[in-house]
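A.B. asks: Now for the letters of each chain:
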Amino acid sequence: MNVAMFYLLSAIILIFSVLSVTTRKILRAAVYLLFVLIGTSGIYFQLNYEFLAAVQLTLYAGGIVVLIIFSILLTHHISHKFERPALFNLLGGIAVAAIGAGAVLYTVFDHQFVASTAPALDVNMTAIGEQLLGMDKNGYVLPFELISILLLAALISAVVVAKKGKETEEL
Amino acid sequence: MTGYAYTVLIPLIPLCMFLVLGLLTVKWKPIVFGIMGTVGMGTSFVLSLITAINYFFVVGPGPNGFEPIIATKVTWLRLTEFLHIDLGVMLDPISVMMLVVITTVSLMVHLYSMGYMKGEVGFQRFYAFLSLFSFSMLGLVLATNIFQMYIFWELVGVSSFLLIGYYYEKPSAVAASKKAFIVTRFADLGFLIGILVLSFYTKTFDFADLTAPNTTIFAESASVSFIGVSVFTWAMLLIFMGGAGKSAMFPLHIWLPDAMEGPTPVSALIHAATMVVAGVYLVARMFPVFHFQAPGALEVVAWVGGFTSLFAAVIAMTQFDIKRVLAFSTLSQIGYMMLALGVSGYGGEEGLGYMASMFHLFTHAMFKALLFLGAGSIIHAVHSNDMNDMGGLRKYMPITHITFLIACLTISGIPPFSGFFSKDEILVAAHNYSNTLFSIEYITAGLTAFYMFRLYFRVFWGNERHYHHTPHESPLVMTIPLMVLAFASIFSGFLPFSELVTSDKIGFETETHLMVALPSVLIGVLGIVVAWILYKKESLVPKSITEKLGIVYTATFNKFYIDEVYLFVTKRVIFNYISRPVAWFDRQIIDGFMVGIGKVTEKTSYEIKEMQSGQLQHYAFAFVAGTLILVLSLLYCLV
Amino acid sequence: MIEGIPIYHFLIVSTIMFFVGVCGFIIRRNLITMLMAVELILNSVNINFVVFNRYLYPDQLQGHFFTLFIVGVAATEAAVAIALIINIYRRFKSIEVQNVSEMKF
Amino acid sequence: MNILSLFVVVPVLTIVGILFTKDFRGARVVSAIGMSIQLVLAAALVLMYLGARKAGVTDEMLWTADYMWFPSLNIHYAIGVDGIAVAMIGLTGIVVFAGIFASWGVEYLSREFFISLILLATGVFGFFISLDLFTMFLFYEVAVIPMYLLIGVWGSGPKESSAMKLTLMLMGGSALLMVGLFGLYFNSAPDGGALTWNIMEIAKVHIPDAAQRFFFPFTFIGFGVLGALFPFHTWSPDGHASAPTAVSMLHAGVLMKLGGYGCFRVAMFLMPQAAHEMAWIFIILTTISVVYGAFGAIWQKDLKFINAYSSVSHCGLVIFALLMMNKTAMDGAILQMISHGLMTALFFALIGMIYGRTHTRDIREMGGLMKVIPFLAVVYMIAGFASLGLPGLSGFVAEMTVFVGSFQHQDLFHRVVTIIAASSIVVTAVYILRVVGIILLGPIKNEHHLELTDAVWFERLSTITLVLAVAAIGIAPLWLSDTIQQSLGPIIAKLTVFNPF
Amino acid sequence: MTIEQFFLMRHELLLILAAIIVLIAELAVSESGKTKIIPFAAGLFALVTAIGFIPAETGTLFGGSFQTSSLTLFMKNVLNLAVLIIFLQSEGWLKKPENSERISEYFILTIVTLVGMNFMISSGDFLMFYLGLETATIPAAALVAFDRLKSHSAEAGIKLILSSALSSGILLFGLSLIYGATGSIYFADIVAKIEPSPIIILAFIFFVAGMGFKISLVPFHFWTADVYEGAPINVTSYLSVVSKGAAAFTFSIIVFKVFGALFEQWQHLVYALAVMTMTIANLFALRQDNIKRFLAFSSIAQAGFILLGILGANEMGMASVVYFVLVYVFTNLGAFGVATSVFNASGIETISGYKSLYKTNPKLSLLMTVALFSLAGIPPVAGFFGKFFLFTSAASRGYYILVLIAVLNATVSLYYYLRVIKSMFIDQTDEPIAAFRSSISMRISLIMCVSGIFVVGFASGIFEYIREISQLFF
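Chains as they are written, first to last, in my numbering: chain A, 19 to 189; chain B, 889 to 1527; chain C, 39 to 143; chain D, 855 to 1355; chain E, 1202 to 1675.
In case anyone wonders, no lab produced these hints; they're calculated from the structure.
No farther apart than 25 Å at their CA atoms in a straight line, the calculated lysine to any residue pairs in the SDA-like style are these:
1) C:K131 / A:R42
2) B:K961 / D:A1325
3) D:K1225 / B:P918
I would like the entire structure built from these sequences, with the hints used as guidance.
C.D. replies: Take a look at the structure:
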């Protein structure tokens, strides 16, 4: 069951990721991306990282994609169709992707991953919460603080960029 | 030895005069500078005479003949362990003799120039240069080693350059001075290389070591040879090349006729009496080395001398510029001297040629100086060098006429004038050596008499030309030197030269060889007679003869086109085919390459600018592709 | 950990997804689609981290948390990028890359 | 303070002094004072050196001082001089002094001009006193770089491109040099121990042969570029032609000597094995350079070009002689450096002065200048005679020492190339006399030239200083030559250890 | 965790504090008095910088996530100093009317990016490193797009953020592989388990690509020129000096510390990147006319030189990199300071516009000359020493050919630096930039730069100190 589910999810992820970069309708692309993200969260569920999956669903799928769709709506007509990609970019991109995927996969398959023998950690909300606020090794309070600063800065950045000034001075 | 320490003053006084005259910027009357120079030279002259009398007669020969004396010597530059250049004064028969010759002629020229150069711009400069020249020449003859000689050799070249180019606003004078310098410089290169080769094998520059009769310094390398010829022959040939340049031997003679562009007193001093015999002096100085180590080179000396004497005499017959005639005559006479050295043996009677050469050098200095000064006097009177502008001058310039005649007789070898004696010895020496050379010299003697009297008759006899103003006798200051030199020309033949100046410095007796002397006198007289017939009265005969000779005459008149050959070599080959391509090559190829690197870099810069297209995808592509290339090349060695 | 699925299968998915993202970044001309391609890339990295954590090192949560933070950063990045894109749209009236390439060479 | 450090301190103080001046008058007076002090110092140094040697001091380097600078890399400020360096310092003092007076008339941005000029001089002095390769290199570059502005701002003709070419080629040379210096440093302790930049320390060890072979060409060519080694000389004609008077003087007179000095003090002295093995390549190159430069000069029409090519020829002779690696030839090389420095500076000074009057350097447009500007013309002739090797002037002494020295080689190859090189003296005579004949002698070609005025006092001071120096060496070379030979002793000793002959 | 331990983080904490104070100040000042924030913020930052120099303990916090050593402290001080100079130079630009509403934002964003860099330098695991990196980049994009009236600025902003997103994606992929292969994101654990297996090398190359983006190495550099050109000039100088310096610091730390064992493998990589970077950047710089774009390519070339120091892979290499960045701070900011002054006074930012600048503004021209000579590595200014030590470091490993290539490249670079000098001193024009006086703060900053350029080289103590702390680091 799980196995079949995994392959289904994998198929969804791959197909929709390919579609999202190839479709010529931008809104569709965003929707395909949403499917990919949801598929990924499915994988997280399968791996028993429920918290992560939830975050993925809410923040990624819910937040980012919505943001993207808003911006699309702001900047495009819904029926907007892309021009075809330039030939050089198309060939180059595909070639690079193919060669790169080949090289990386070859390398990865070449590698013998050794699983840790230590007993598995029970992943529950308590453990996650403790680690997130932990100050020792495997504690993530410092990154947590830093990312909060980053979020603040991003907020200010967005304001700085988007703030409308006296448009009369526009060049 | 210290008794001769004062001899160092002989060259130094002219040097001081040069510095004083050259640097003094006061505006005195020009004649004052003339007097200063003359007095300085006079002092040197007196000192030289004292030295000569002292050396030859008061001290006299020792058991081994005249001892060479190093009067003074300081080290000037230390080169290697063995080689060091000294500056010093060496007295031996030939150098003492040369002292007398140089100071005498120089003094006469100094005196003479006060009249001749009167009113010339740069009078002071003229005397400065004369003093410089005298200094250099004296330093040359007094040299204790071959490198000192080379140093003064170069200085002589430069002073000659300065004096020939005295009328520096005249392009022909500038060209002549340049030519003189460069041709002799070229010869000096040979001299220098010769010195290098010689000193490399002998480890010394000193004449004392080189010319000692039984020296062993050559033994070690005697068998070393280069292209089948012994290195010493090479060395001596190269050194002779230097001498040939200075003495204007064929084929390096081309500068001398042109050098007549200088003021006439200069020609008298440099291009007749002193500098041009430096080559002869050099060979004489190195004679033991030539004789013992490089007989082959000596043979070359003889043949070059013989050929030049004939060659120059032939050309002299056709020239119209009186100074050029004299110049070719000088060449011819120096050829005699070279020949005499070339045919000479070593010691006693064997060394007759050597003695004769020196003897002729001495007498030639006197009569040739006289001829030039006389010519100067004539030029002074008629303001022209060209024989065609002259004629019948004997009435206007009696002193010049008489002294000139004496000189002509002397050079033609008519007894009892001094030229007879010296030339006679040379002919004897040549007779003992080779019949070919001997006959060449006979012919030359006749030709000499002919062209000298051709000159004489055309100038002093014949029809009067239309002169701008009536020619007049030169002032006393000019005629006194003429008379003094005429006196010397007449009587110097009676000097007991063989007692004093010989190859091994031991005197011997000579006698007149009638079998040789008589024909030579006859042939001289023959020449005079022919000249008398042709030129005493103006006639069309010479002209018809020249027309009959046709191309031969033209070739001779044009000095056998040697100048043109040189011009071709220098202008065409060196200038156009070497220098110009070198300059082009440097600018276009080498510099072009360097600039090209820059150009290519800049061009590349423009060629690759499309890489930075401004498009984000291209950047991303480059980014990923670059990463992948690194992966593939470093991880899998694929790229 | 899913029984019967080797780790490599996950890696195939993530790697392909990664390079699809890269490919998309290169071939798409629209700034927003490029941003989406970046999200694909980050997502594939996330899968990597998570899978490595679960399959190989279940005794800790480093990969898990790394993923968590990447998601956070991706969000901020997307926010700022979208602000900039809207800014661009205001300037250029277009968000096509070839129009947004005034500076070059 | 160590007397040697003064040679760097005085120019720096002079520069500071110039900064406080108001206009060109002040600037030139301050420069003149500073450089006069420097000249006096140089003279004093020469006398002190001779005195010390006479008193029997046998140290290889005198007045050494050593201050640690960067301890971790063992970089010191190490100074000291031997006879050769003293002679070069003397030369520099004279040329700089003359250069200041030759540029007395510079009024455009004159403070900047003098500052750059003295900065250049600082570099040169610093280079000659240095015993530490790092400091040496530092001073070397300090000396090179002001050239760009000096030529670019105050030059004439295609000055920008010439300045650029010169700077880039010289810096390219120093790129090679830098690699060579690194090689020396990292091989300075082959048997273990501390690495060092100090020349005298490195000289004590034997740098591994492989390293020598690799780094010798870098070092030698690196310095050789500045020494106008064929075929890296092409910066020289353009640079000199465009440079203002004093800059040409300093550059040809002194800066190019850095190349020759470095070649033997660093490249050959420290890597004797490689020097012996590779000498033949460079001997061929320099032989070409000697003859080629001379022939190149014949064809030129610009006075400065003539002199630049002549410099190629003469500087070629320097390196040529150095490579002969015997005492006499190297002595000759150093004499030639000094001699060439003086006379070429004289030449450039004169060319500048003539150019300042006639506003042309094309020899075809000049003629008969002897009549209107006799002083300059006579000095020009003296310089010409020095250049073609007239006895009594420095050129003769140097050339003869070189030729005699080079000819002492047992090897036929060396003697043959000596003869080829010696033939340049004839060619030199040709081009010198050609120029003299065309511009000084003959009739006046240009009517306007009749109104030219002869040299003024500062020009006379400048040229007479140089003439006196040229003549002094030419007339009494023994003391200088002996001093140099004595100092060459240790260098020769190190070189001959490996002499295969 | 005691309060003293927090002092280990004092650079970061102070900076955050400063950012908050500026934020509060923004609220406190009136609408018309916004420009007063400039001196206030600059002064505050000067204080922060000064405090940073007080000697401090070193140690590790958060179980290894945060590490300090004398070396990292010094690096942070260098960056602080650079930012201080930039703040002083920004005055003229910030005072322009279109920026009046966003002055405090400029300071806050700059300080936050600096916080990110500090964390990046001090990071002890890849998570902190990554977060620091992003904190240093994302707000920077907003800074780049700060000139909202200029389309170039907006274009630069989007180019920066998208390329940086791509590059950090690739970087992260590398990091994920490292995590997979070693089982940890902590440096200390990784070092123990790292081995030259292909996957690690692959991951390392991805990591280098990501870092190469920040340091702008060829071929990861393409964004640099466009972003530098489009960004406001002070932001450009910030990116080119501080951002790049921090990245170089971090790169060398991680490369030495984490990947030190893989030297055999990565030396070729760094070698190739160094050659490409120097050469390509020089070729592009040759024909630039825009001074910012020109300095962008010049800074790319300088990054290539930095790689030579990294190639040394020993304390000498570390010291030479840090020293070079220190020199580079003064040098490049000197050049940017002049460019800023000229731009503020005349609006000119092309090299050809600098013609005859020496006649009207001699001091600025001289300063520019000194700075350019220092960039070109000409003695006796500091740039020479900086380059020399980098080369020494490379040569100590026997990379003589690389050193040769580098020095030849330095020669080429001299060509384009001289072009600027030529424009200022030699080229003549009828309408040179009029004479002007820079503001006080600008002058202070320029004096700091010029004294830095002269002192840092000659005062060997500075280098020796860096060398000492680098030794401690290893």
